[in-house]
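Sequence order for the protein chains is L and C.
Quick note: the first sequence uses this note's numbering, first residue 8, plus one each step.
Quick note: the second sequence uses this note's numbering, first residue 8, plus one each step.
Simulated from the structure, these hints should not be mistaken for lab results.
Keep in mind that a hint or two might mislead.
A pair holds if it fits inside one copy or across any two, identical chains being indistinguishable in the list.
[To be verified] List of simulated lysine to any residue pairs, SDA-like, C-alpha gap at most 20 Å:
| id | residue 1 | residue 2 |
| --- | --- | --- |
| 1 | Lys370 | Ala33 |
| 2 | Lys313 | Pro323 |
| 3 | Lys313 | Leu128 |
| 4 | Lys313 | Asp129 |
| 5 | Lys112 | Ser10 |
| 6 | Lys313 | Ser94 |
Chain residues, written in single-letter form:
Number of protein chains: 2
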Amino acid sequence: MASALRFEIVARDSGTAARAGLLHTAHGTVETPVFMPVGTAGSVKGMTQEHLEELDVQILLGNTYHLYLRPGHQLIRAAGGLHRFMSWPRAILTDSGGFQVMSLKGLGRVTEEGFEFRSHLDGSAHTLTPEKAVEIQLALAPDIMMILDECVPYPASHEQVQRGVRQTARWARRGRDAYLSAAADFEAGWNGHAPPPQPAQYGIVQGGIDAALRRESAEGMTEIGFEGYAVGGLSVGEAKNATYDAAELTAQLLPEDQPRYLMGVGTPLDLAEGVARGIDQFDCVMPTRNARNASVFTREGRLVIKSARYARDEAPLDSACGCFVCRRYSRAYIRHLFATGEMLAGTLATFHNLYFYLDTMRKIRQAIRAGEFCSFLSGMRAAHAAL
Amino acid sequence: MASALRFEIVARDSGTAARAGLLHTAHGTVETPVFMPVGTAGSVKGMTQEHLEELDVQILLGNTYHLYLRPGHQLIRAAGGLHRFMSWPRAILTDSGGFQVMSLKGLGRVTEEGFEFRSHLDGSAHTLTPEKAVEIQLALAPDIMMILDECVPYPASHEQVQRGVRQTARWARRGRDAYLSAAADFEAGWNGHAPPPQPAQYGIVQGGIDAALRRESAEGMTEIGFEGYAVGGLSVGEAKNATYDAAELTAQLLPEDQPRYLMGVGTPLDLAEGVARGIDQFDCVMPTRNARNASVFTREGRLVIKSARYARDEAPLDSACGCFVCRRYSRAYIRHLFATGEMLAGTLATFHNLYFYLDTMRKIRQAIRAGEFCSFLSGMRAAHAAL
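Just chain L, same shape as in the assembly:
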């Protein structure tokens, strides 16, 4: 494979491991550190793609598990890939599907071959192997695809975590081989569409909060060699400081000149803490899922906007926010929309929360470039502590 992905670091913070970069993809350049909104089944819930463009989203995450089940990766391939299918011209990263399969309580199990699972939709039996995860993602044709990994929940015994690290290492090798050997055939069979650009592939470091296992996992991944590396297996139940420490350690073990992606993390402060530890990419369902549950992020903390206390509140969600929702709609109106179950409730809250996240990342990038990241981070910590 010859992916178009190229990572360029343009500024480094002197006091932390933070760096600002440009991740060049065949679907535009992504400014890092970046937050990637989650577009589960080919849609960020409640948003139009026009909304995402208005938010200046530069890269989206798609969930392989959901797209594999519906509408099916072969259908998306026949449509020319996920970008064309969902009409999204900017960058896309897809996960491997493994994390979601693992989350199917009672419906999945790990074997050496891969994950055996039953669909949450119809109970049909499937096997997700490292090779299958590559095959599915190549059909989706994102800009970045992920290897199949085994994410061990917290708490877990040393043996369980070690088993996950070694299983992930063996799958990583198989996944990389499958990816490399698919190169020759990638351009054939796009149903009359121009073949999409070839995706890059990221490895994933596991190891829980165990330093030695993190080291073993990182060494295994870098030895195989990927276009970028993710820190997996965090934010699964461990304490915040343990997340931060494990992310810091793992980032230090990864190649300096390649992108690092902290999976499934977190709050706005978590993102800033991750950036301080050398992370370039983040994803999390928090801004979008919370929005649909009426929980909105503001500079003064989270509001549960469906509460009766906002019924007559004519202020915007966040008076310091510049998004179209805060420029136009009152808390009272949005509260009413939640109270009556109007679709618009989720749409307005989601747009605002994503704006809050993306605006935080924009400020983080500016602070790094201006050499002011340390004081920016201190400010975020102080504001968070005061809430």
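Once you have looked at the hints, place chain C on chain L.
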């Protein structure tokens, strides 16, 4: 009361009763004939107000029944009226709430005083009188408000229809009196907000498909005198031709220089047929409700877009349509969104259906002004017959 409403006829069709006009309101000028999308509880389901502006919606309909129950008309009054509450700067018409109360199967009954009903939300008991309908709507402060009327379902005996006509006539008198006597107090008590412009009030002609009762009802209404008149009690089960005939008869009985509103009608062809009979305003839940049920309007007829036959269809919903949905998204993608229950499904289908309706009305207005309405109507009839 001194409402800002002023109606101006700018073109008449020579072959039919169609006319093109301008309905000047305090919230902008509405080009007629016009279709008014239904914004039930202060939101057109699935749309942002930005979407409605992009559609060039000039007037929206709000449902008094829903807004009275949630968030309550006093809360909306304290927010400065419905325009401010929902941040909609263009014109609004509100219904009286009577039709929805009547539709509450087993929960409502008619007395001389008004409707006694129980809330569909919590079973609480309420009485909606002609005076109360005025009070609630004055708190909402739309541009146009409707009198309380009794809409008799079809089929009904002559006696039932006659009873409805006479009940409506007595309520109309009471509603007009309440409206006129509220003028002095209208500007007081807007919670620090500038008082909104005073609404106009429309009467409603009942009488089913009975010519003599329609005549009696129209004479009663025009004798009281309103800023405009609605044709009510149609599209409740009678045959299409009966709807058209009753609308035609009623329009002929109403003042030539005032706006006429056909309530709750209908399909795109129904709108054109109504225009041919001298109607200026329409509302219907069809484009929005159908959209949420995956039924979309196209020049080639209605599509049930969640059908598996569209799973791989890369064409837009309607290749002749210029809306943003048809310029960007495929049938296959929209079908997938419906299949997976994504919110975006309803949003895209609703925008398209409203565009289709509003575009049809735009073409009707252009045809009237260009003296080509007869041939336009023939074209619509032929296209409809061929489907």
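Against the structure, the hints:
{"no.": "1", "hint": "Lys370 x Ala33", "in the structure": "neither (25 Å within a copy, 42 Å between copies)"}
{"no.": "2", "hint": "Lys313 x Pro323", "in the structure": "within (14 Å within a copy, 37 Å between copies)"}
{"no.": "3", "hint": "Lys313 x Leu128", "in the structure": "between (31 Å within a copy, 17 Å between copies)"}
{"no.": "4", "hint": "Lys313 x Asp129", "in the structure": "between (34 Å within a copy, 18 Å between copies)"}
{"no.": "5", "hint": "Lys112 x Ser10", "in the structure": "neither (36 Å within a copy, 63 Å between copies)"}
{"no.": "6", "hint": "Lys313 x Ser94", "in the structure": "between (33 Å within a copy, 19 Å between copies)"}
Hint violations for this structure: numbers 1, 5, all remaining hints satisfied.
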